[in-house]
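**Student:** Below, each chain spelled out in residue letters.
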Amino acid sequence: MNFKLKVWRQSDAAAAGEWRTYGVSEIDSGASFLEMLDILNDRLVVEGERPIAFDYDCREGICGSCALTIDGTPHGPRQVTSCQVFMREFTDGSEIIVEPFRASPFKVLCDLVVDRTPFDRIVEAGGYISVDAGPKPEPNATPISPETQQAAMDAAACIGCGACVAACPNGSAMLFTGAKATHLNVLPQGQPERYDRSRAMVEQMDAEGFGGCTNTGECEAVCPQEISISVIGELYRDYRKSMVHVLRSRRGRMKAQ
Amino acid sequence: MTDFDNRIPAGPIEEKWRTWLDDHRLVGPRQRGDHRVLVVGTGLAGSSAAATLAGMGYKVDCFCFQDSARRAHSIAAQGGINATKDYANEGDSVRRLFHDTIEGGDFRAREANVWRLAELSTRIIDQAVAQGVPFNREYGGHLATRSFGGVLVERTFYCRGQTGQQLLLGAYSALQKQVLDGRAQVHTRHEMLDLVLVDGHARGIITRDLVSGEIERWSADAVVLATGGYSNVYYLSTNALGCSVTAIWRARKRGAAMANPCFTQIHPTSIPQTHENQSKLTLMSESLRNDGRIWVPKAEDEERSADEIGEDERSYFLEERYPRYGNLVPRDVASRAAKLVCDEGRGVGPTGRGVYLDFQDAIAERGRAEIDSRYGNLFELYERITGENPWEVPMRIYPAPHYAMGGLWVDYELQTTIPGLFAIGEANFSDHGANRLGASAMMQCLADGYFIVPHSVTNYLSKHAANVETAEPSFERAEGEVNERLGRLVSVGGKTSQSQFHKQLGNLMIDNCGILRNADGLREAIGGLRSMREEFWRDLTIEPGEKGMNQSLEHAGRVADFLEMAELMCNDALDRDESCGSHFREEHQTDGGEAQRDDENWASVSIWEFEGPDSEPKKTAEQLSFEAVELEQRDYA
Amino acid sequence: MADPHPPGLNEEGELEGSSGRHGGILRQFWDSTIGKKIVVAVSGSILGLYLIVHMLGNLKGFQGPGGGEPEIDVYGEWLREVGSPALPEQGALWVVRAILLLALVLHVVAIVQLSRRNLAAKPKGHRPPRIQRSLASRTMLLSGLVLLAFVVFHVLQFTTATIQTTPIVEGEVYANLYAAFQEWYFVVFYVVSMGLLALHLRHGAWSLTQTMGWDKPNRNPTLRRTATALAVVVSLGFAAVPLGFWLGIVPEPTSEAAATAASGEPR
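Here the protein sequences line up with chains A, B and C, keeping their order. In this text, residue positions in the first sequence follow the numbering used here: the first is 291, and each later residue adds one. In this text, residue positions in the second sequence follow the numbering used here: the first is 36, and each later residue adds one. In this text, residue positions in the third sequence follow the numbering used here: the first is -6, and each later residue adds one.
Keep in mind that the hints were calculated from the coordinates and are not lab data. Here the structure is a predicted model, which means the values were calculated and not measured. One thing to keep in mind: the hints can contain errors.
To be verified - With a cut-off of at most 30 Å between alpha-carbon atoms, the simulated DSS-like pairs for lysine-lysine come out as follows: (1) K120/B with K426/A; (2) K294/A with K538/B; (3) K498/B with K51/B; (4) K294/A with K209/C; (5) K288/B with K653/B; (6) K296/A with K397/A; (7) K530/B with K582/B; (8) K538/B with K426/A; (9) K531/A with K209/C; (10) K530/B with K296/A; (11) K498/B with K94/B; (12) K333/B with K51/B; (13) K288/B with K94/B; (14) K397/A with K582/B; (15) K296/A with K117/C; (16) K545/A with K531/A; (17) K530/B with K294/A; (18) K397/A with K117/C; (19) K294/A with K397/A; (20) K51/B with K426/A; (21) K530/B with K288/B; (22) K538/B with K296/A; (23) K582/B with K117/C; (24) K120/B with K288/B; (25) K288/B with K654/B; (26) K538/B with K653/B; (27) K582/B with K288/B; (28) K538/B with K582/B; (29) K51/B with K654/B; (30) K296/A with K582/B; (31) K120/B with K51/B.
Claimed, not checked - Every beta carbon over 12 Å from chain B, so not counted as near; a handful from chain A, in silico: (32) A306; (33) E385; (34) G542.
We treat Cβ as the ideally placed atom computed from N, Cα and C, and that holds for glycine.
Given these sequences and hints, build the entire structure.
**Tutor:** In structure tokens:
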């Protein structure tokens, strides 16, 4: 198969960036999108041109590294990670537009590579249950219903790829933050830190410059893990309650009168 | 003289770890903040070790080449993690898990290490649950388990098909909390390119910032390598594309010995290669072998499609050869059998490297709904990747390089032959012998990271801590060497890209040092590797410029190391004149065509030291003694 | 290992990490995207509730000019007097107006600030993809701005009687409406605005349930249908009045004052 690729090229974070067009030919229809880029890069290197930088690692859809916007849609049209897009899904001879995930907090570092460390800092703010590695209680002492486990797992399945942010017209990270918070907030182990977690993660999310949610649902339409926007509702609620929680926990001191 | 004392404490096997813990030296809480530890790699082993060390109060710098600590390839582990909880009341015990692991490794692992691993397995589950890892639950709310890989008990805990992801996120978030608390720092997009020794102790590393291209020096009191395995030496493997041997190879060149490098596991149920430019093989869960029947046509070079081939024209070769275990024989046995039938020209698919995994009988017997509930997601995965519908045509599978049992030699404390350098997880050689059992890799990584290495690092620091500055001449020297090497890579000025070399290397290795090995092939491979290396340094072309992002330079550096590592693997495979587990020397097979161990001469770990770039590596053998188990011939027929 | 920042209470007996004083936490709430969004939701729902009441009141127009005073005029009078003598004349009305004004200001200010943030979160020059979002969710800002303009115009026309394109007489609600909605351009303007209101309410009402965290997958279909129904009923209810006058479904006013108003001579 043959394709014309219109690719975003940007030599480093400070550079302006521009569109460049490349032809690729004789691509096996079974090749993945990233393998097609590999082939192009191999040719560019031999021709002495700078190859196209893009993030990848596991190439089986779970590490969350790859982050291409293909023909305007983060990860392409089929709601899978970029590495799970295959060339047989495109029309032979067509033009394909490839650009990085676009969102201001995700700075473009080079070509199609963006900086997603804001996500790490959101997790850092509260996406954990504070435990050390000492002896722990017997897990079956706290039974957890399969429904609760499934709800936690649905949210925990997030791979942190950032497609939700790129798809959102507001560059909002609510699906990511909501997923991480919900995973921990629905489990009994997560209760003690529940409200501090929600508040801290939202604060960090805002500090990173992500936009707000306007409930368009674009995030869930591209999420390769099919995470539901219900996690956003959960986060809204936990954040709201966290405010009440702070007000209520102001102890004060009793005095007789 | 290198110290190969394995430091296994005396006493009965059940008490060794307790004894070690009771006797090891501690560092006071107020002193811990004065010590810095570098952890390279953020998979299950690295993240858990870094989080735990930082939680104890040490200052930790953690490095990964990915853009986030959460992306390490542990994340792709699907099936589950073993632990001897015995919730199912089947009489499971530490001894049974120990025995299964030793036997599965074909008696080439250290007893004391494996016992400790089995002992710690239950604590991993406790730890993960406390962190909020959502393991599957039974209706009563208790933890669910399933059976895995031919063992007779249900001891595998799982989170759907994403157990590795969830365990890694648990360790990763624990690490991120330490970052918040200021005790740990994670340096993402940093690749370790050298190890720095001061007075014979590991005291730092040199890294390249993969975004800016800056070469940086990091000094510390100890270094922990958790950099995973080297199956990408075969180019096509189930590993992530970034997985490399670079960190442990550079450590080896600084004096850390490598153990059993030829022990690499080839997993039987991967989706076969379909085209020439493929970059990766995707694993299908081993559980498919529970209901799928594996077959090939009886005739060679069969042209017809699967449904046109009659029942009597099919060869169900695993069921025929191993009537007792059938399609459920261990990984190494299944992989070997599949390769043999394909070598006979009976393989299927466009490349002829594949066998059918057929569910028609299972669907007829159990009904489509039942099969869908068991394997629906795997069927989808298969269809997504191949574009073929496994409900209609049988799946095709083929073995794929998957896991490296070999790695840096470590003692009982997981310390390498360099004092102050520790290796954990897949990067070390320790617990899996010549073949790893399913659902035990994550167990080892987390046991190492949460429960073992934090203590052994403490023990080391209590005696050998040193305030080292990066201005030391050895840092200067190491940085100079790293720069010189990068300079050489970008300036070869040839015509062949690094990926072409990697592919050539992979082909050579899979043919000669893969599922089947023989002396002639290995000798030939060693010769081939030498000329390939020369060719590499003469004809390589990559993107020029060491500054800024340069992915071809990163890859080329890794390929250069693989080219050297491959020769050591072949040397080891040639040297180990027996068959055991995944190491199958065609010269050594039983009458039934199974691996023939030679316990008299080869019940040992082969340890290879680096003797300089132009010298042959030096081998030392660590004898393995078996007291708690009896050596047996594996028999699955 | 001693934690340098043990979680617990500070000297004042307040949770650490929370900014202690009341103002602190409110400030934090307002500064966060979620807090602001909740303000939008709450103020929006106040405005929405008002719309329902307003729409129901408007429907009194369909009771026609009546024998003496039209019902809708009586209702208007009642609104002015409700609460008296405990409250001063128009007291209750002004309280409601104050609440509405505050809600509107909060709604608009929060939206403006959020929109600026949202705009900044997307790099310039790259249009965000459109994958599945609905017309209503895409046009919230546009429909909101048009509605804001509509509200200003509407108040100037019927409340303050500043716009006298058609004569507006205080207290003569029925006659005023009649006069205004004999002009096709007013009818078009009002009906089109109500169409936008339907869009705005549809996404707004459902978003309210999401923003308050009330929506769940099992409730979602009901909530979405309810939001759509609400939007349709409210906007149809509103649109019915100008259409009713325009199409002659409701008759001319009869009273003398109304006749004066309707005749087009200013009082």
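**Student:** Each hint: holds or not?
**Tutor:** Here's how the hints hold up against the structure:
no., hint, verdict
1, K120/B with K426/A, "holds (14 Å)"
2, K294/A with K538/B, "holds (26 Å)"
3, K498/B with K51/B, "holds (21 Å)"
4, K294/A with K209/C, "violated (44 Å)"
5, K288/B with K653/B, "holds (12 Å)"
6, K296/A with K397/A, "holds (20 Å)"
7, K530/B with K582/B, "holds (22 Å)"
8, K538/B with K426/A, "violated (47 Å)"
9, K531/A with K209/C, "holds (17 Å)"
10, K530/B with K296/A, "holds (26 Å)"
11, K498/B with K94/B, "holds (17 Å)"
12, K333/B with K51/B, "violated (53 Å)"
13, K288/B with K94/B, "holds (27 Å)"
14, K397/A with K582/B, "holds (19 Å)"
15, K296/A with K117/C, "holds (19 Å)"
16, K545/A with K531/A, "holds (29 Å)"
17, K530/B with K294/A, "holds (25 Å)"
18, K397/A with K117/C, "holds (13 Å)"
19, K294/A with K397/A, "holds (26 Å)"
20, K51/B with K426/A, "holds (22 Å)"
21, K530/B with K288/B, "holds (29 Å)"
22, K538/B with K296/A, "holds (28 Å)"
23, K582/B with K117/C, "holds (28 Å)"
24, K120/B with K288/B, "violated (42 Å)"
25, K288/B with K654/B, "holds (15 Å)"
26, K538/B with K653/B, "holds (29 Å)"
27, K582/B with K288/B, "holds (25 Å)"
28, K538/B with K582/B, "holds (26 Å)"
29, K51/B with K654/B, "holds (28 Å)"
30, K296/A with K582/B, "holds (26 Å)"
31, K120/B with K51/B, "holds (21 Å)"
32, A306, "holds (15 Å)"
33, E385, "holds (21 Å)"
34, G542, "holds (29 Å)"
In terms of the numbered hints stated before, the structure departs from hints 4, 8, 12 and 24, listed from lowest to highest.
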